[in-house]
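Visitor: Spelled out, the chains give:
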Amino acid sequence: MARALPASRLLPRRGPAPLLLSGLALAAVAALAVAVGGVHIAPGELLGALLDGVTGRLHGTTDTIVWQLRLPRVLMAATVGASLALAGAAFQGVFRNPLADPYLLGAASGAGFGASLVLVLAGSVPWLARLGVPWAAFACALATVAAVVALARQGARLPTVSLILAGVVLGSSLAAATSFLMLASRDRAAGILSWLLGSFAFSSWDGLLAMLPLALPAAALLLLAGRSLDVMQLGEEAAAQLGVPVESVKFALLGAATLATAAAVSAAGVIGFVGLVVPHAVRLAFGPAHGRLLPLSALWGALFLVLADLVARTVLAPAEIPVGIVTALVGGPFFLALLRRQQRGR
Amino acid sequence: MKRVAFLVVLLLALQVALATTYPITVTDELGHELTLTAPPQRIVSMIPSDTETVCALAACDRLVGVDQFSDWPQQVADLPHLGSATSPDLEALVALHPDLVLTDEYSGLADRLRKLGIPVYAGTPQTYDQALAFLGTVGHLLDVETRAAVVRGTIEGQVAAVARQVAGLPVQRVFVELDATPYSVGPSSYLGTLLAKAGGATVVTAAMGEYPQVDPEFVVQRDPQVVLLMDAPYGQTVAGAESRPGWQGLTAVRDGRVITLTQPQVDLLSRAGPRMGDAVLLLARLLHPGRF
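Protein chains in written order, with numbering that gives the first Met the number 0: chain A, 0 to 345; chain B, 0 to 291.
Quick caveat, the hints were computed from the structure, so don't treat them as lab data.
On a predicted model such as this, the values are computed, not experimentally measured, just so you know.
Backbone N, C-alpha and C define an ideal beta-carbon position, used for all residues, glycine too.
A few of these clues could be false.
To give a feel for the contact side, a few chain A residues facing chain B, derived at Cβ under 10 Å [claimed, not checked]:
no.: 1; residue: 14
no.: 2; residue: 54
no.: 3; residue: 64
no.: 4; residue: 194
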């Protein structure tokens, strides 16, 4: 179980200050991410382009790049980051397991399999081409989690251990099927691999508008569950005795977190590490109470992924690297450093 | 008539001058020596472009097996298919008793075959120049050197003819989409060099590498005049590409020059082999439709 570690002296832990400061930090990073990109745009030009959009008079390549490519990309990274981190915090809370992440119940393997099917077969199966990668990924992610829940369910109960086992096993099988698709189609291996590692290169306003109706209600439900999750940390039986309808809460939270995860994965591919590390980092910095952990995870997840995508598209600009490589390479050491620091403070 | 007689004499002279005298020893790209005591008669090719090379040198009837992706010329479809260089059907390959296997230098297949005592040449061309040189290598191995010289001359003739036609025409800015990720090709990649010979230039810069994943902002900024959708056989459509953010203003979109390629065309453009002349001609037709 993720345990409360002693308070860090660096960050405020009470009152509205943490939320406010985190929100400001996110805004600053988002502004930086809009200002910098694969194509260099001078600050004056950038302001001009932003004004053109506000006044509704878009013209020229710079306006197109800022409004149709960069802004939706930054917003998409923020939305996906917030969804994954929120889902990760919920999964860790529900399972009371520090290794839980949004992909625990097979959403990632399902989405990866669905996306690979379309990437490999769209040329010969017209209805797959019409379906498109995002919807195929979304549908397969939901179907996989539904199958895992169906396999693990015992009557009205959802035993945690069976859920995790079913998720891991079904996930491995689907990952194997995806690997086979990759090997069987030599031209597509690079494309599938990049999708599996995640990228915001496809971001558009349309994609964002398709994601928000799923992500927002899911986020709202998860953000309201702070108190129930706090009680559930005492153990499921104790929580039930304290009046928490454990099984219903579990169903609702896993459903909402899965929806948020499937929406995130279908929009940007399987970006690892955000859902696992961000809630832990927030817990280490701001404490374990879920009423605070959940919104802060969303904010820092957004910040982390906007920053990671900024690195992914600028480090080799104008070439890109998959953002999942950045989240793992940068996020891992950062998290370990945070952990060491906390342990030394103990 | 005199000219024909002269050519016949020249070809005969060439034949004598170029004939291979066995045994021969050549060094492959992995640095291993391969010794052949007689012209190989049971050849296995594990690379599609190598299969094309053997057949272009009129030795198709000496092939006894090919990899699963070899599909040109038509007649290799009837041969046993032995998987790919990276995942070969080794037992079937060994059972064919090949006296020469052509494969790549990366997969490790060559080492395994050498340990089994099977004659193997590891190394398959990756560039235009390597492919021209490889024609000579295979011609030498198979004792069909005259034919190799003729095939090479044909390719160079086709490419020179295209070069004359596109000389003076404006060089077309081309975005080659290998994959919607988007992966594209740099100027030093194989397809990048073919584009240059066909009067075009990839919008990707040399510094970005041979097969970079490109920031979509960069594509919009470079405003390609032609877009080649190499991923069309995998379902990418013109309408889908044109509806991407920021693409509506691209010159290629406005001029209706977002072009889908078929699988045979993609194969033609990706295999550094004996059909490179045809590949350059295809690109020239796509880039300068009025001129070819």
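Visitor: Name the hints, by number, that the structure is in violation of.
Guide: 1, 2
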